[in-house]
Amino acid sequence: MPTTAALSAQGVRKRFHDIDALAGLDLTVAAGEIVGLLGPNGSGKTTFIRAVAGLVRPDGGTIEVLGRQTRDAVAAGVVGYMTQTAALYQELTVEENLSFFAALRGLRDPKAAISEALGVVDITSRRRSIVATLSGGMRQRVSLAIALLGRPPLLLLDEPTVGVDPAQRREFWSYFRTLTRAGTAMLVSSHVMDEAERCDRLALIRSGRVIAQGSAAEIRGRAGTADLEEAFLKLSDEPT
Amino acid sequence: MSGRRIAAVARRIVEQFRRDRRTLALLVGVPLLLLLLIGYLFTPSTGSARASVAIVNEDRGPAGAALADALAASPSLDARRLSATDAEGALRDGTVTAVIDFGPTFSQDALTQRRIALAVRLEGSDIFVNGNTMGAIQKAVFESISGALAKLQLPGASTAGISLNVTYLYGGPDWGTLDYLAPVLIPFLAFFLIFLLTDVSFLRERASGTLERVLASPLQRTELVIGYIAGFFVFALLQTVILVVFALYVLGLRSNGPVVAIFVVQIGIVLVAVNLGLLLSAFARNEFQAVQFIPIVILPQILLSGLLIPIASLPDLLRPFAWAMPLTYVNEASRAVMVKGAPLTDAVVVRDVGALLLLALVLAVLASRTIRREVA
Numbered sequence: 001m002p003t004t005a006a007l008s009a010q011g012v013r014k015r016f017h018d019i020d021a022l023a024g025l026d027l028t029v030a031a032g033e034i035v036g037l038l039g040p041n042g043s044g045k046t047t048f049i050r051a052v053a054g055l056v057r058p059d060g061g062t063i064e065v066l067g068r069q070t071r072d073a074v075a076a077g078v079v080g081y082m083t084q085t086a087a088l089y090q091e092l093t094v095e096e097n098l099s100f101f102a103a104l105r106g107l108r109d110p111k112a113a114i115s116e117a118l119g120v121v122d123i124t125s126r127r128r129s130i131v132a133t134l135s136g137g138m139r140q141r142v143s144l145a146i147a148l149l150g151r152p153p154l155l156l157l158d159e160p161t162v163g164v165d166p167a168q169r170r171e172f173w174s175y176f177r178t179l180t181r182a183g184t185a186m187l188v189s190s191h192v193m194d195e196a197e198r199c200d201r202l203a204l205i206r207s208g209r210v211i212a213q214g215s216a217a218e219i220r221g222r223a224g225t226a227d228l229e230e231a232f233l234k235l236s237d238e239p240t
Numbered sequence: 241m242s243g244r245r246i247a248a249v250a251r252r253i254v255e256q257f258r259r260d261r262r263t264l265a266l267l268v269g270v271p272l273l274l275l276l277l278i279g280y281l282f283t284p285s286t287g288s289a290r291a292s293v294a295i296v297n298e299d300r301g302p303a304g305a306a307l308a309d310a311l312a313a314s315p316s317l318d319a320r321r322l323s324a325t326d327a328e329g330a331l332r333d334g335t336v337t338a339v340i341d342f343g344p345t346f347s348q349d350a351l352t353q354r355r356i357a358l359a360v361r362l363e364g365s366d367i368f369v370n371g372n373t374m375g376a377i378q379k380a381v382f383e384s385i386s387g388a389l390a391k392l393q394l395p396g397a398s399t400a401g402i403s404l405n406v407t408y409l410y411g412g413p414d415w416g417t418l419d420y421l422a423p424v425l426i427p428f429l430a431f432f433l434i435f436l437l438t439d440v441s442f443l444r445e446r447a448s449g450t451l452e453r454v455l456a457s458p459l460q461r462t463e464l465v466i467g468y469i470a471g472f473f474v475f476a477l478l479q480t481v482i483l484v485v486f487a488l489y490v491l492g493l494r495s496n497g498p499v500v501a502i503f504v505v506q507i508g509i510v511l512v513a514v515n516l517g518l519l520l521s522a523f524a525r526n527e528f529q530a531v532q533f534i535p536i537v538i539l540p541q542i543l544l545s546g547l548l549i550p551i552a553s554l555p556d557l558l559r560p561f562a563w564a565m566p567l568t569y570v571n572e573a574s575r576a577v578m579v580k581g582a583p584l585t586d587a588v589v590v591r592d593v594g595a596l597l598l599l600a601l602v603l604a605v606l607a608s609r610t611i612r613r614e615v616a
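Chains A and B, in that order, give the protein sequences.
As numbered in the working numbering, residues 1 to 240 make up the first sequence, in order.
As numbered in the working numbering, residues 241 to 616 make up the second sequence, in order.
No wet-lab data here; the hints were simulated from the structure.
Treat each hint with caution, since some may be false.
Stated by the list, open to error - Stretches of chain A that chain B covers, calculated by requiring three or more beta carbons in the stretch to come under 8 Å of a beta carbon on chain B:
hint, region
1, 53-64
2, 98-106
3, 218-228
Glycine residues also receive a C-beta, built at the ideal position from the N, C-alpha and C atoms.
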């Protein structure tokens with residue numbers, strides 16, 4: 001396994017008008033690791049994910065993806081990004097949406113990649129449906145399928161399971177594990193604690209900085225609480 | 241019926257728009273700007289009503305010279321005295337819009353037939369220019385010639401006896417209003433609709449979040465812009481084919497030029513429309529603002545591009561702005577092709593299509609810049 005981290009961020013800063021969205025954020029994600037990004041609304045989770053996806057240019061600090069600058073990594077198609085809202089072309093079918101993004105990523109075998117992604121999110125039977133006719137949860141799955149296309153080495157998932165039922169969520173996570181065994185690194189932002197429990201490591205973010213890091217057990221231990229949600233609330237409220 | 245509920249709805253609307261500063265600015269700024277433009281446009285100014293004409297005197301008798309002098313001095317005309325050949329050249333290159341010709345037998349006809357006939361040759365490619373020119377010539381004849389005639393003491397001559405024999409270089413009396421308007425209406429419709437289509441759909445791409453996703457892929461911004469141009473071009477071309485076929489073969493409108501030249505000119509303007517739509521969508525935060533841009537983009541083009549008001553008739557201050565309007569170039573080129581029968585290789589057509597392509601390129605570069613800026 002290569003020693004380069006899949007994602008390495010150091011001292012990332014970004015200011016929007018008078019708000020420090022990111023205030024010196026440090027985070028690394030190793031290949032084959034799932035890191036959960038937890039934090040209250042407005043803590044900088046989405047800004048950080050967008051910065052890794054090359055959509056926000058930081059004012060300071062460095063972000064490297066597989067040893068490359070974010071923009072180069074994105075251009076090389078090694079980053080799969082799932083936006084918070086299911087950003088899809090409503091007039092197109094599920095399959096047409098996927099093949100569009102497959103083409104943008106320049107996948108060698110787009111057909112196979114599309115079938116695999118459709119299978120993972122269990123939406124193969126609706127592949128010819130127009131996206132506008134799908135329910136919110138289904139659209140979320142299509143959106144995830146797009147990020148998964150071609151198994152990029154780094155997956156950025158911004159609240160991937162919003163509106164997805166628990167059984168389906170379990171399916172997702174077992175697939176995520178299949179991917180990480182093959183070396184995929186994942187950065188997942190979430191509000192769902194049972195999802196956080198499944199991550200290898202959690203990074204608790206507040207005011208654009210990582211205030212606590214470690215496995216779910218370590219976080220619970222540090223906060224001295226029995227469950228993760230309590231720990232999360234306690235650590236979030238602590239003065240920094 | 242509850243006054244409080246009604247007030248709640250009304251208050252909410254006021255609060256919403258108070259936050260949308262740009263819409264408020266447009267709401268006030270757009271009408272003021274347009275009112276100013278239209279107001280200025282229709283302020284009577286000297287010069288604008290004058291017609292540029294060439295006066296040719298080939299008369300072997302004395303009458304022609306005297307009347308030509310009188311006519312040339314008329315305040316309604318911006319007249320130059322030319323030989324017949326030079327006058328025809330000036331008519332062709334657009335320096336003058338009409339040639340008034342006193343023929344070799346002018347004096348003789350006046351004496352023997354008691355009839356004064358002026359030969360007027362109109363450039364003819366623009367129905368509005370034709371109207372303005374004829375109006376100016378008639379006014380000049382009415383004002384200047386009667387006095388000159390009285391001095392000449394031709395037996396029986398009077399203004400009532402003057403007739404204008406009008407011939408056309410392009411177009412003609414058998415050309416209907418729509419024959420004249422089709423060359424400018426077809427590109428205008430294409431420009432307007434394609435601009436609208438691109439503007440709104442790129443705004444949707446930004447608003448729905450799909451742009452974010454597209455930009456987080458290996459796709460480059462220039463590739464995105466070129467892809468957009470190519471995609472909309474399919475519909476623009478389809479629209480052009482339908483418009484042209486409908487105009488020429490269903491409505492039976494006239495065109496003297498090759499159909500392929502009509503298409504090339506159309507391609508120039510739709511490329512401008514697509515890129516302008518892409519560029520301006522960056523400055524609209526929502527559909528409402530995008531809609532507000534329409535009058536800003538469209539109305540100055542209608543007023544200043546020679547579509548309805550000949551450029552020569554614009555007030556001096558506004559005339560230079562005509563050449564800042566994409567439609568000006570397409571109107572000139574399209575009239576050259578459809579009315580004058582210019583081929584694709586015609587200098588004016590080449591220059592105008594070149595200007596449109598250059599403008600489209602500049603807009604495309606600016607549009608791809610705006611996509612980049614949003615991301616930074």
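Check of the region 218-228 of chain A against chain B for coverage (Cβ-Cβ below 8 Å, three residues minimum): Result for this restraint: violated, n = 0.
Confirm or reject the coverage of the region 53-64 of chain A by chain B under the rule of 3 or more residues with a beta carbon closer than 8 Å to the chain's beta carbons. With 5 residues close enough to chain B, the hint holds.
Verdict on chain B covering the region 98-106 of chain A, where coverage means 3 or more residues with a C-beta closer than 8 Å: Holds: 4 residues of the region 98-106 of chain A have a Cβ under 8 Å from chain B.
Checked against the numbered hints given earlier, the structure breaks only hint 3 and satisfies all the rest.
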